[in-house]
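**Student:** Residues per chain, in single letters:
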Amino acid sequence: MVPPSPPPASILFTRLVLLFLLAAAAWASAVPPEEFTEELLLRPLPDRKALSHFYFRSFAPPAASVGRHHHLFPKAISQLVKKYHISELELSFTQGRWNYEQWGGFDPMSTSNAKPPGVELWAVFDLPLSEIDATWKNLTHTLSGLFCASINFLESTSFSAPRWGFKSNEGNLRYGALPREAVCTENLTPWLKLLPCRDKAGIASLLYRPSIYKGYYHSQKLKLRSSQSLGIILDQTLTVVLQPNTINGKQLHSSHGQLQPSWSMRHLFNRKLSGKCLVSKSSRIFIEVDKGIVDKINKSGSDLSWNNEFFVLSNGPDRLIKDLNDLEVQSSSIYEYDVSNYSEEKPFDVGITWKLPLTWSCTPSPFHVSRFLMGSGNERGSIALSFTSTNLHKKIFGSPNDCSIKAIIFQIVPWYVKVYYHSLEIFIDGNRKTVSDVVDKIHVTPSEDKLLPGTLEMLLRFPCSMQSATLTLDFDKGFLHIDEYPPDANQGFDIPSALVSFPEFNSARNFPETDPLLGSPLLENFQVSVKSYTEVLLVPLTTPDFSMPYNVITFTCTILALYFGSLLNALRRRIGEEERELKKTATMHGLIPLLLAKLRGQKVDAALSGSSPESTGSKKLLFKVVFVAVAAVLFHYFSNNS
Amino acid sequence: MAIRYYWPMVAAAVGFRLVLVLFGGDLHLASRPEVSTPLTSLRRLAEGYWLKQASLSPYSGSMYHGSPLLLSVLGPLTSNRSGGKHAHVYCSLIFVAVDFLAAMLIRGTGRRLQMSRNRSLKSLDLTKSVNNSANVSAGDIASLIYLWNPWAIVTCVGSCTSPIENLMVVIMIYGACSRLAPLAAFGYVMATHLSLYPAILIVPVILLLGYGPDAPPTKVFLVKSSSDSKSGMSEYDKRSSLKVQRFSWMTVLHFIFWLFIWSCYVLLLSSMILKKVGGLSEMFEKTYGFILTVKDLSPNIGVLWYFFAEVFDFFRTFFLIVFNMNILFMVLPLAIRLKHRPCFLAFVYTAIVAMLKSYPSAGDSALYLGLLGLFANELAEMQFTFLLFFGYIGVSLLSPVMHNLWIWRGTGNANFYFATGLAYTCLQTVLVVESVGSMIKHDRKLRLLVTS
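Going down the list, the protein sequences come from chains C and L.
FYI, the numbering for the first sequence is 1 to 642, going by the numbering used here.
FYI, the numbering for the second sequence is 1 to 452, going by the numbering used here.
The set of hints was computed from the structure by calculation and includes no laboratory data.
Remember, predicted model here, so these are calculated numbers, not experimental data.
Note that CB positions come from ideal geometry on N, CA and C, so glycine has one too.
Keep in mind that a hint or two might mislead.
[To be verified] Derived list of chain C stretches under chain L, where covered just means 3 residues or more per stretch with a C-beta under 8 Å from a C-beta of chain L:
1) 140–146
2) 441–451
[Claimed, not checked] Listed next, the stretches of chain L that the computed footprint assigns to chain C, with coverage defined by at least 3 CB atoms under 8 Å from CB atoms of chain C:
3) 59–66
4) 249–257
5) 404–413
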């Protein structure tokens, strides 16, 4: 804690400040102090890319002990937590889609850091149920101001309250996703502002914008946990998948028989690391090597050191951590570097150089899940969710035939996609099954026009022997008011990703010899069931003609006026009286009643037959009027000319 | 003059429907905007039934907007799918029966009208002068029109609930024509419960029950009786001709009593069906509220969907009021002018409702076109029939084409489809105005015949 430099004031004031600081220090010593840790994990990926995962954790002790003052923890966040009584919150901004087949779908990295494209926000509130919706709306507005994003669109029609499909809760969870939201530096800058060193020092200084936004996948996340006893824990992560610029300049996409690209931090980020953020408690960098590589090294009989038969790391690690999973499915090894040993004069740069060509694959999730649309035209369609088994359960459980695998589907559908939930059909290995055979539990919140999106939560039970399954749901496309279309209406509308989780598969790691590792939140945090997000769907909706409002209003009103007028006229008309009237008017001398009668389309010949002299007289009158009018126009014309 | 081969033609119409239902395969008529509206779609009913089975309110979400009674009658039929046949085959069979019943009731109504017409013509001594021009059995014609109308067939096969709504309206008119107050009240309550708009038919029903079926205007009888008294007609005849005009309060009170009983019964049944899953207030909000506020903007053959999709939001309430009032505006003028012809009044109201209702469909038109046949004798001199006939054909051919161009091919746009809707509304306007005009002309002709 650096006291502000005392202004040239009285000594008494300086003393008071000192006294206050001492008191604060005494308080702070009684409770755990605020902490900040920064970590970075780098991992080569099978498809010649590199994953980098930045992890920053800020911790604030329970609110009562420190009052309203923080020296490391961002004040904006603690105010947010206090004002809205948040007990958990996660906000992610993602660009690109996590490739579950190539980059893994089982390891903790993909299950907790692979996020759907766009913005995803969920929060658990510590409030009475009746106040939650209003609080959520305020929260979205606050967050959208804080992160310069249109999160406020989540306030009205696109959030839902899942009960168990997303995360089991007592109705105090709200979830919303905006798949269309673009992510850029304007969202990153406020996110970096929450760090005590921003991007001026420490690991965050690696975040050179042109290189991180060049990646294939970019996900920036903020996760909050708060309780009265623990205080507030704020985890900020940034996951980027980059294509390394190879040192030897070779950029070959086929991974067979080719060396993996060698890379270092300088190549990935265009930066070297010059020491840690000074206020951080620990500052570490990990290089993780997948189980596939570890298996190959073990098979070749060589030692799993930093300089082995297949690759060499540019620096010797401070420690090597082996992950020994009980299931023997996921066991990678991690090389740890402590940044505090490096400084401005001695910048840190770690990299991997491959010696032999190597191909390996990441552990997939139990089922590969994809979602697509069926049907054509803009009236109706179906959503299909297809599961393809990766036979992972055979590796884990052996292959008993009578077992079953649980899967939970959570899907939000915007209101303009009107899903018929009774049309749910399930096909297993191409054969249609009755719904009750496969679905254990289902919870539907139907969508309400312009108010509420539809939410579908389903617990499925697939037989282990199943190779593929498909679920289809029919829907009608809604028609919107012209104001409800976005500016580029013909692009279509996005349905947010569905989330499929497999509660029986746990992607937790355990490190047997990691007692001293307790300080690493990046590694300890990995305790979640396997889940994967599906693709975002793009639904084209019919558009009305946006330039037509006035025409439509006038046409419709004309028709109605026509109906009203002509019907009233038909009712009002009394033909006998009209004939009498007509006789009267015909006997009157004059042009205007005659014209009126003609305009009405009544036959005047009969009435006029007996009075032909009058008709010639009216013709003369007409002549006179026309003559006078022409004379007047000519006079006007010439008088103007002269 | 009865129609030859009447029963074979009826049987052929029913058989044609059955063939379409059983062997037509899935014609995808259910998703045609001309056939099923958000209110009448059987698919939405199935969704409502599914929601109810899942112990949610059938009205949760914005899927189902129909009556809970239909839900419990038709719902179980939608859930068991027979392999190979299209999904709602059992419901369609019911609709075929309903259509047949409606046609028979229309025929019955036609007979009553014919009898009353003959009686009044006789009392006016005009039987010869009118009947030698045209006297066809209007009931037979009307029921055949209803059975063979392509729109009625499409509506019946296309799995939507409008045949039932039409049946209720026909039951009401039949009951009122034959002075069966309980039946008329049942039809009235059910029709209003199902689609709200038939509520305005209370005026013709009360007139029918009070004065009896259509007759020439009172003035004609007065003229006749005065001319008769000049020529020395017996006192008894005069009274008998005037007896027709007396308003029978007892029947109307009887009707109102039954109206009360039936509405209580329907509400009770609804609340029993909706027990535990929602209340009556939700039902009213989701059925009547949905009808009156035009919440669903999906295309239909009317014009209101496009109007409310385009109109500025701050005018929406105003235009909602204007369009809903527009139906009510004409109720009184028509009732005053046509009070001696309540059955025709009912036809005009039905046509106006079919034109101006928020979610119109071909089924509504099928109903009023069927009823139009009841007045074949009176409207024989109607103008523009050629234009109307080919206009209807043209619209019903063009509307699917435009819809296809806009929705499926993406080569047209919404204005194309809207234009057919406008043309259709124009045609209906012409039909209504012309039929009212020629009915008035017919009455005048009768008066002239009497006075001359």
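**Student:** Now tell me, hint by hint, if it's right for this structure.
**Tutor:** Results for each hint:
Check on the segment 140–146 of chain C: 0 of its residues sit with their Cβ under 8 Å from a Cβ of chain L, so the three-residue criterion for coverage is violated. Proximity of the segment 441–451 of chain C to chain L, defined as three or more residues with a beta carbon under 8 Å from a beta carbon of that chain, is established by the 8 residues found. Judged by the Cβ-Cβ criterion of 8 Å, the segment 59–66 of chain L is covered by chain C as claimed, because 4 of its residues qualify and three suffice. For the segment 249–257 of chain L, the stated coverage by chain C is violated: 0 residues have a C-beta nearer than 8 Å to a C-beta of that chain, whereas at least 3 were required.
With 5 residues bearing a CB less than 8 Å from a CB of chain C, the segment 404–413 of chain L meets the requirement of three and the coverage assertion stands.
In terms of the numbered hints stated before, the structure departs from hints 1 and 4, listed from lowest to highest.
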